[in-house]
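Trainee: Could you put the whole structure together from the sequences, leaning on the hints where they help?
If you're matching them up, the sequences are chains A and B in order.
Last residue of the first sequence: 329 in the UniProt record's numbering, with the numbers rising by one and none dropped.
Last residue of the second sequence: 329 in the UniProt record's numbering, with the numbers rising by one and none dropped.
These are computed hints drawn from the structure, not numbers from a lab.
Please note that a few of the clues may not be correct.
Any copy will do: because identical chains look the same in the list, a pair fits if it lies in one copy or spans two.
[Stated by the list, open to error] Pairs of lysine to any residue, SDA-like flavour, derived with a Cα cap of 25 Å:
| hint | residue 1 | residue 2 |
| --- | --- | --- |
| 1 | Lys233 | Pro69 |
| 2 | Lys233 | Arg173 |
| 3 | Lys185 | Asp66 |
| 4 | Lys247 | Asp132 |
The structure presented is a predicted model; accordingly, all values stated were derived computationally and were not measured.
There are 2 protein chains.
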Amino acid sequence: MRIAIDVMGGDNAPAAIVQGALDAAAEWRDTQLVLVGDTKRIEPLLKGQAPGNVELRHASEVVEPDEEPVKAIRRKKDSSMVIAGRLVREGEADAMISAGNTGALMTAGLLVVGRIEGIERPALAPMVPTLDNIGVLALDLGANMDAKPEHLLQYALMGSIYREKVHKMARPRVGLLNVGTEAKKGNELTKAAFDLLESAPIHFVGNVEARDVLARNCDVLVCDGFVGNIMLKAMEGTASTVFSVLKEEFTRSWLTKLAAAIMLPKLRGFKQKMDYKEHGAAPLLGVNGLVMKSHGSSDSVAVKNAVRQARIALQSNLIQSITTEISGK
Amino acid sequence: MRIAIDVMGGDNAPAAIVQGALDAAAEWRDTQLVLVGDTKRIEPLLKGQAPGNVELRHASEVVEPDEEPVKAIRRKKDSSMVIAGRLVREGEADAMISAGNTGALMTAGLLVVGRIEGIERPALAPMVPTLDNIGVLALDLGANMDAKPEHLLQYALMGSIYREKVHKMARPRVGLLNVGTEAKKGNELTKAAFDLLESAPIHFVGNVEARDVLARNCDVLVCDGFVGNIMLKAMEGTASTVFSVLKEEFTRSWLTKLAAAIMLPKLRGFKQKMDYKEHGAAPLLGVNGLVMKSHGSSDSVAVKNAVRQARIALQSNLIQSITTEISGK
Chain A
1 MRIAIDVMGG DNAPAAIVQG ALDAAAEWRD TQLVLVGDTK RIEPLLKGQA
51 PGNVELRHAS EVVEPDEEPV KAIRRKKDSS MVIAGRLVRE GEADAMISAG
101 NTGALMTAGL LVVGRIEGIE RPALAPMVPT LDNIGVLALD LGANMDAKPE
151 HLLQYALMGS IYREKVHKMA RPRVGLLNVG TEAKKGNELT KAAFDLLESA
201 PIHFVGNVEA RDVLARNCDV LVCDGFVGNI MLKAMEGTAS TVFSVLKEEF
251 TRSWLTKLAA AIMLPKLRGF KQKMDYKEHG AAPLLGVNGL VMKSHGSSDS
301 VAVKNAVRQA RIALQSNLIQ SITTEISGK
Chain B
1 MRIAIDVMGG DNAPAAIVQG ALDAAAEWRD TQLVLVGDTK RIEPLLKGQA
51 PGNVELRHAS EVVEPDEEPV KAIRRKKDSS MVIAGRLVRE GEADAMISAG
101 NTGALMTAGL LVVGRIEGIE RPALAPMVPT LDNIGVLALD LGANMDAKPE
151 HLLQYALMGS IYREKVHKMA RPRVGLLNVG TEAKKGNELT KAAFDLLESA
201 PIHFVGNVEA RDVLARNCDV LVCDGFVGNI MLKAMEGTAS TVFSVLKEEF
251 TRSWLTKLAA AIMLPKLRGF KQKMDYKEHG AAPLLGVNGL VMKSHGSSDS
301 VAVKNAVRQA RIALQSNLIQ SITTEISGK
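Mentor: The following block contains the structure:
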């Protein structure tokens, strides 16, 4: 299998991305990695020791973090992100990984790689952290701001297949994010989606509430991109606020500093657990090829992990399974 | 002024509600309190000592916590909640307070008290806790699941007037809950609402993110009821999860128990701060009379505080100000 890596995207690009790719290439000799980016900047990082399963593909442009996504993808035809997407579309690569501009990557998925036939809206599906460390696959978390009930149905089908195929989970529980657990709850969107999900070939567990996500009240959380994003940011903001307040309290006196010395190592582990950045790359589901979004702050370990995830997804024929499921509707 | 109190609603009804009313009556002799409920149950609680500014109004029925709101309000014409609403509509009371079924109270506001002319959707506006203890007035937090841009505009106007009049806040900052702070962000609803809010006679500070609400990034947070509810529950769920994990960590060994002894008093204060139940009664804004929702778990102190809030709102001519602002459009 061949995986294209946009080595110019992300806060630590290109050094950390190239290093992660080299580590992945060393571990998985059966996997061909195509490093897409400015060869003049990549070559020195290889130190003349690129293994046989690493090749370079030059790209003269870079999509910047703050660029307007659609404009960037339309105009920068020679950017590392667009070229990586083109390699997937043209079958020269089976997957692409990027830690760059999220909006631009979603646009590249849509406009360069293209949708699976029958999929109306691709969805970004990151893992939301849970206390048991297993996580909830939530989709859509930002690819589409407005969704129709049929889109939520497709999110549910794709998310369910992803957890089965990539996470090897039997009968993943699909929940619909809502304001209460009763069947009649919610807005027009969730009420209509509820009926569709009930008759879908998934293990639908009904409406679920945002307050129970951390306790993993489901395995696949279905929501529109706007609401999902608000939920995730409310969780992040609250967790980080609580931690910063704790830190402040801990430094008030020698007595609280003593308490801090005892507790901080435990708190750090917990803080890390709550950090969704730790939970690997997020697939863009519904595009006709595997597109993985690695977090903007990815280091080499995160990049290597993204390659690991991409390999599992490819080995499990994820895209083919989604295509069959959707075209079978 | 006359305030009707539904003494049959809430987990601690009628005892705690009656006690709170008696405490309020003792403090504010200029305020007439109408206790609406089953007189046979109220009278023993008065111990024959009802002050002159307390009167009883018998109601033979009670709206139960789990009843379907619209059915309950339509059928139980002799319930304490409906009678309290009728007193407001007919000018026999200036305000009503209830700790009962939230959905039913919103329905009673709409169907019994009635809307202010020009208001399309009344909004429930509780305070979301913030680190500085001042709080953010958020609306709508559950009265309406689906909102149009014009509704969000009315929420902004009403919320702004409430903070000015009741909280004596000059130029309250109005923020639109969104997935990013840039002007073009969001779904169709927030994009259209953004333009309306920009030209409204309020201090609009633009889009605000859920992760910054705890830091009080605005004074009035505008959102549709579905999204607002998801945000609030995500915040609540995360805070309570973090606290329960901390508690667990603190009890692991004698060393962590020592740390707990030092830290727990501080943590308790912070936990209380994060509890939105502590932040008083929530007004149902947009109905033609003052309707205050006290939390279901209200004790006598919460009820007395709700009377305090109602008094301030009445003294500041809140409803008249909203009516003038809306009819002036």
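Trainee: Hints first: check each against the structure and report whether it holds.
Mentor: Evaluation of the provided hints:
no.	hint	result
1	Lys233 to Pro69	within (21 Å within a copy, 31 Å between copies)
2	Lys233 to Arg173	both (23 Å within a copy, 21 Å between copies)
3	Lys185 to Asp66	between (38 Å within a copy, 13 Å between copies)
4	Lys247 to Asp132	both (24 Å within a copy, 16 Å between copies)
Figure legend: structure checked against the earlier numbered hints; every hint is met.
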